[in-house]
Amino acid sequence: MLTIELAAEDDRISRVFGALSDPIRRAMLARLAHGEATVGELSAPHAVSAPAISRHLRVLESAGLITKGRTGTWRPCRLDVDGLRAADAWMAPFREFFEDRFDRLAAQLEEER
Amino acid sequence: MTTTDRGFTITRLLGAPREAVWRAWTDPAHLGWFFNPDHDPGADPVAVDLRVGGAWRQRMVISDDTSYVTGGVYRVIDPPERLVFTWGAVGGWPELDPADPEAAEAPLATVLLNDLGGRTELVFRLEFPAGVDTERLQAWLARGVREGWTDTIDRLVVATGASVG
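Chains A and B, in that order, are what the protein sequence lines are.
Using our numbering, read the first sequence as starting at 1 and increasing by one per residue.
Using our numbering, read the second sequence as starting at 1 and increasing by one per residue.
Derived by calculation from the structure, the hints in this document are not laboratory data.
Careful: at least some of the hints might be erroneous.
Here chain A is said to cover these stretches of chain B; the calculated rule only asks that three of the stretch's residues, wherever they fall, bring their Cβ under 8 angstroms from a Cβ of chain A [what the hints assert, rightly or not]:
1) 48 to 60
2) 74 to 81
3) 113 to 126
Using C-beta positions, here's what the derived DEER-type ranges look like [stated by the list, open to error]:
4) T9/B x E41/A: 33 to 43 angstroms
5) G117/B x P45/A: 42 to 52 angstroms
6) R75/A x V52/B: 53 to 63 angstroms
7) E111/A x D78/B: 55 to 65 angstroms
8) L13/B x S62/A: 42 to 52 angstroms
9) A47/B x D103/A: 37 to 47 angstroms
10) A27/A x R119/B: 22 to 32 angstroms
11) E99/A x V52/B: 48 to 58 angstroms
12) D64/B x R113/A: 28 to 38 angstroms
13) L13/B x E41/A: 38 to 48 angstroms
14) R51/B x A107/A: 45 to 55 angstroms
15) L50/B x E99/A: 20 to 30 angstroms
Cβ atoms here follow ideal geometry from the backbone N, Cα and C, with glycine treated the same way.
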């Protein structure tokens, strides 16, 4: 069951890690962690061209890490919490498996005393 | 701590001396805690071959007609402090390749037991060395993204009140 879930998540996780492999994109995510921002605000700290900034944003968007507002001229970018969670979520069942067991390990050690 | 993989760490404070915790990890008679909660520990024997390359196998019963074998293949045995094993079982879950039970793709578990004078800090780490896309992962890790990303996740957890893996 887990194996199937892992396979289904493979593509998405690859995109996420690919997106995270670039320092500018990571800086953008760090900025967005503090709240939504415009493309101008996101590009300001970086000495790269506007097309390069657009490319970075597209990579982040296709990885499901950010969303862009669709209305008006002010189109803020914001973190897509679900995207980041999906990247980490595939590991959660493994963690729960061991968390459960360590609860019982603690109980067993109590009984043995 | 580690530079080549992804994984997670669970830390627990246990009210027992380190030797007792070591025994709970490595003595078949003391591995009852690893079974599923409603499993009769007497129903299936636990096999432990405590040497490097040796296997620990334990059958996990989910229901009357569903069960699987889990356990590990030992890689480092340093009592009563450190135990490293490839997590899984040949023919079990996670599936280990019988020809190569120490395959780089298998999840690697590290158990560290820190002596706190009658109590023990258990630091358990599970690593997924190959992950999903090794090349990207390596590039990502080489640039030190791990810390940054963890911080981001932490902030998100705070922001959303959600628990993230």
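Taking the Cβ atom of A27/A and the Cβ atom of R119/B, is their distance within the range 22 to 32 angstroms? Given about 42 angstroms between the Cβ atoms, the range is violated.
Does the beta carbon distance between G117/B and P45/A stay inside 42 to 52 angstroms, or does it fall outside? holds (49 angstroms)
Can you tell me whether the CB distance of R75/A to V52/B sits inside 53 to 63 angstroms? holds (58 angstroms)
Between E111/A and D78/B, is the Cβ distance one that fits in 55 to 65 angstroms? violated (27 angstroms)
Taking beta carbons only, do three or more residues of the stretch 74 to 81 of chain B come closer than 8 angstroms to chain A? With 0 residues close enough to chain A, the hint is violated.
Using the Cβ atoms, figure out if A47/B sits within 37 to 47 angstroms of D103/A. violated (24 angstroms)
Establish whether the coverage given for the stretch 48 to 60 of chain B by chain A is satisfied; the threshold is a Cβ-Cβ distance below 8 angstroms, and no fewer than three residues must meet it. violated (count 0)
Starting from the range 20 to 30 angstroms, see whether the pair L50/B and E99/A falls in it by beta-carbon distance. holds (25 angstroms)
Taking the Cβ atom of R51/B and the Cβ atom of A107/A, is their distance within the range 45 to 55 angstroms? Given a distance of about 29 angstroms, which is not inside 45 to 55 angstroms, the answer is violated.
Between D64/B and R113/A, is the Cβ distance one that fits in 28 to 38 angstroms? This hint holds: roughly 34 angstroms between Cβ atoms.
Taking the Cβ atom of T9/B and the Cβ atom of E41/A, is their distance within the range 33 to 43 angstroms? For T9/B and E41/A the Cβ distance comes to about 35 angstroms; the hint holds.
Claimed coverage, the stretch 113 to 126 of chain B by chain A - three or more beta carbons nearer than 8 angstroms: holds (count 3)
In summary, the numbered hints that this structure violates are 1, 2, 7, 9, 10, 11, 14.
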